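Asks: The chain contents come next:
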Amino acid sequence: MGYKNRVAVLGAGLTKFMRRAQETGKELCFEAARMALDSAGLELKDMEAVVMSTAPDAFDGVHMKGEYLADGAGGFRRPYMRSYVGGGSGVFSVIHGWYHVASGHFDTCLVVAEEKMSPCMPHPQAAFNAIYDQFTERPLGVNLLWIFALEMNRYMQVHKIPLETISLVSVKNKKNGLDHPCAQAGIPGEYTVKDIMDSEVLVWPVHRLMVSPVTDAAAAVVLVSERVAKRMTDKPVWVEGVGWHLDSSYWTNRDLYYPKYVEYAARMAYRMAVITDPRKEIHLAEVYDPFAYKELHHMEGLLLADKGEAPRLLEKGVTQRDGDLPVCPSGGLMGVGNPIAAAGLMKVAEVFWQLRGEAGARQVSRPVKRGLAQAWGDLMQVGTVVVLGV
Amino acid sequence: MGVTTKPNRLEKIRTWRGSVPVWHQYTLGLAGERFFRELKDRGRLMASRCPRCGAAYLLPKLYCPACFVACEEWVEIKPRGVVDTFTVLHEGLEEEELKEPVVVAFVTFPGVKGGLVHRLGEVGRDGPAVGMEVEMVLRPERRGGLDDILYFRPVGK
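Protein chains in written order, with our numbering: chain A, 1 to 390; chain B, 1001 to 1157.
Everything labelled a hint here was simulated from the structure, so no lab data went into it. In this text the structure is predicted, and so the values were computed from the model without any measurement. By construction, the Cβ of each residue, glycine as well, lies at the ideal position given by its N, Cα and C atoms. Hints may be right or wrong, so weigh each one.
Here chain B is said to cover these stretches of chain A; the calculated rule only asks that three of the stretch's residues, wherever they fall, bring their Cβ under 8 Å from a Cβ of chain B [stated by the list, open to error]:
#	stretch
1	14-23
2	36-47
3	70-79
4	128-138
5	228-238
6	329-336
Extracted from the complex, chain B is given alone in its bound form (with noise of 0.2 Å):
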């Protein structure tokens, strides 16, 4: 049984089945926004600055929750990190084993305060490493969403 599919056979007991009739539209919020139009448009990573502490937060937030002030300032992060952790994925939600093993990696950025987990790529035989310097790869038709960064990927390659 998969995450998704379990409890199942609820037929066999005095149930039924139901659910909270909703679905939901969100939108990215004024940072997110813009963080998610550059991505798109100019295939750039930016981050929003604290004017009082100086802290660049990416995922951009549109106030610092430390000093909570907003932070106007955004400033371009050149796409090249380092994997902070990582993991790999075997099974998925349905518990099938998956054709690939997945990598995914927590990556920071330098002078960055957070960071993006995202998936790893072309990473050979020696495999993830903590510590591994890796780059941006880019989806050439872009959505404007996380997924238009393909992976991460060892600087080099």
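So here's chain A without its partners, still in its complex pose (with noise of 0.2 Å):
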């Protein structure tokens, strides 16, 4: 590959995620990103350069605030840039950190994810009203619900996949979130599948309980060079593969059951990981799930299942944390909450903790070399992929 240094994690720090933080952004930041340092045993002199991730500026209600948050993120006297894919921005900074430590320019580079949803009112999804068109979608009261319905709606008519299986994703998820000692209150538990299918519909066929909440939270690691991971740790997670890709932002205009970018960003990924056949060489994949299906539909996205196949293997348990195919171990989104950018960056640390046995009641049962960990956002139409290993 045409890159100078290869890269590794060498720490990652995630604050407790709640629905509506005391904390600034910034407060947020600094407590997260001062975690990732403490446990890479760096400073923040240490680093050369600093990554932050966020999405829209009108959660937090201000304005550019990539430069707000600047200095609670460590940007301080040093390098310092934000990347913004929406959804997709947590697994994307990681990619953005990645090239500034990959092209050799920096040895460390600091990468922090950031959303405070609480201060906006009277509820995010309006803010998401204004991502659409202003004369085709926004007078008919979009918002994202919508496109998910549509999305879930098509997904499970082409493949005739039974509400009760999404529903498990839901059990699933937020079974796992009980052991996430970030979980947002409230958000983990023990569900059956009946109690998932009879929440509120909130546009049809989303039900409450197939949606992630809206949270404040954020999220840190440390990237660092080869040279100094060696000089560091015994025990480095190489970034093995990045990939990022878009498809239309025109949701009329791309195939709504098959997320052919994930694809893409994956297969991008896997060919710089040297991954020919990533049903064996993934061994846990951290796989985006705001709401319940897509955990399903990004799978198959991922190349981890067949088109149509994730259902059934999500059916057969080759998705728990005990199976063969962990996903989302962490809990996800479903289960530990969803800062926008935060909660991409939390399953890249998750993904960190896992290959490193460190996930604690979390840990998967099987041994675990290389893991992924994707995200999907912008005006739904990107795909980030990163894969880690050990």
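Using the hints, put the two standalone chains together into the complex.
Replies: Written as structure tokens, this is what we have:
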């Protein structure tokens, strides 16, 4: 590959996920970043660059919030840059940090992702109304739940997937989330398929317990070059592959039943990681699950299942923590919470902890040497993938 | 036309009005909450101090952005400062002429990193000046916001 440095993840930090944090966004950033530095055994002075990922300014209610958050994220007297691809941002932040270090320009990079969604009133969905076209969808009162509902229904119809099966994703992830110390109060839990099916219908077929919540939180990781990694740790976790890809930003002009952009992002990451059979070579996956069906939809895009096969793997228990391919052992967005950019980086942090065997009660049963984290976002047409390995 | 009213006469062209339909509800944060409670309840200015470099921050910060450690120590700051720079507002946001020009100054405090941007009052005939010593004038009824400080005025007034 044509890059100078191999890149390792050396440390990770995560704040408690909260519905309404008293902390400012800057304070959340500091908490996560400090934790990541402590876990890496490094100080801010050792960081040559800082990357910030955070989603729409309309959430925090601070225009140019990348600049506003900078000093809390360590973006002080050093190169600092924000990246933003909507929901894909958290995983993209690691890709952004990766090319800072891989380029050979920096040996160390602090990557921080933040979202404080609670300031946005009456609800962050109101901000999502304004990501659509002013004279086609917006007059209909559109919000993000709509596009998910249309996509979910299309996916269910094409593959004849019952709602009960999709509910199993909620059941699995909400149970996994019980073991996550950062999980948002009231989000994880022991649920049955019936509980999920009986929850209120928001926009059919999307039920309340098939949607991730609104969350405030921050996450951070420390990326270093091979030279620094070898000096600092006996357990380096390498960034083996990165990929990102976009489809048409107009929702009527892409396949709703299959996320091709995720496939292309995954193929790019697999090519870099020299993975030819992802089902055998990926040992666990933190797949993006803002909605229950998305975990299945994305597993197919990631080539971890054939088209329409992911629901069957779920039914067979393959994606449980003790299964052959654990998916969202963290609890994911459905079980831990969904602070947009920070949620994506939480997934990368989970793969890091799993590969180091430091995931505690969440540690998967099978031995794991390689895992992936994936997110999706922008105008629902971007896929971002990071493959980590030991 | 003023800042919040332009552009006007949009009805003359084929457009329609719209906006991002949100408003916001902010929290002060952990450091801000403590600062404004002290100001409201005790009428005093507090700064947070970095345990590593010793810098005192006003407005207080939960962390030192330079050393990147938590600032757990808090110190009271004497509410007497020096005008670092100032400006005089003659027109409001809507381009309306203000009845009385408003003086806005950046006030610094000895031994403190940062300072407060606030209004100056009772500046007298000589007007404001850089280097002028000023003191804080508090509002008798306070709510826990920057407006709890009425303005800064020259010392000795």
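Asks: Against each hint, give a clear statement of whether it holds in the structure.
Replies: Verification of the supplied hints:
Counting residues of the stretch 14-23 of chain A whose C-beta lies closer than 8 Å to any C-beta of chain B gives 4; at least three are required, and the coverage claim holds. Under a criterion of three residues with beta carbons nearer than 8 Å to beta carbons of chain B, the stated coverage of the stretch 36-47 of chain A is upheld, 3 such residues being counted. By the rule of at least three residues with a Cβ nearer than 8 Å to a Cβ of chain B, the coverage given for the stretch 70-79 of chain A holds, with 5 such residues. Restraint check on the stretch 128-138 of chain A versus chain B: 4 residues with Cβ-Cβ distances below 8 Å, three needed, restraint holds.
Coverage of the stretch 228-238 of chain A by chain B is violated [criterion: at least 3 residues with CB-CB distance below 8 Å; count 0]. Given as covered by chain B, the stretch 329-336 of chain A fails the check, having 0 residues with a CB less than 8 Å from a CB of that chain where 3 are the minimum.
Hints 5, 6, counting from the list given before, are not met by this structure.
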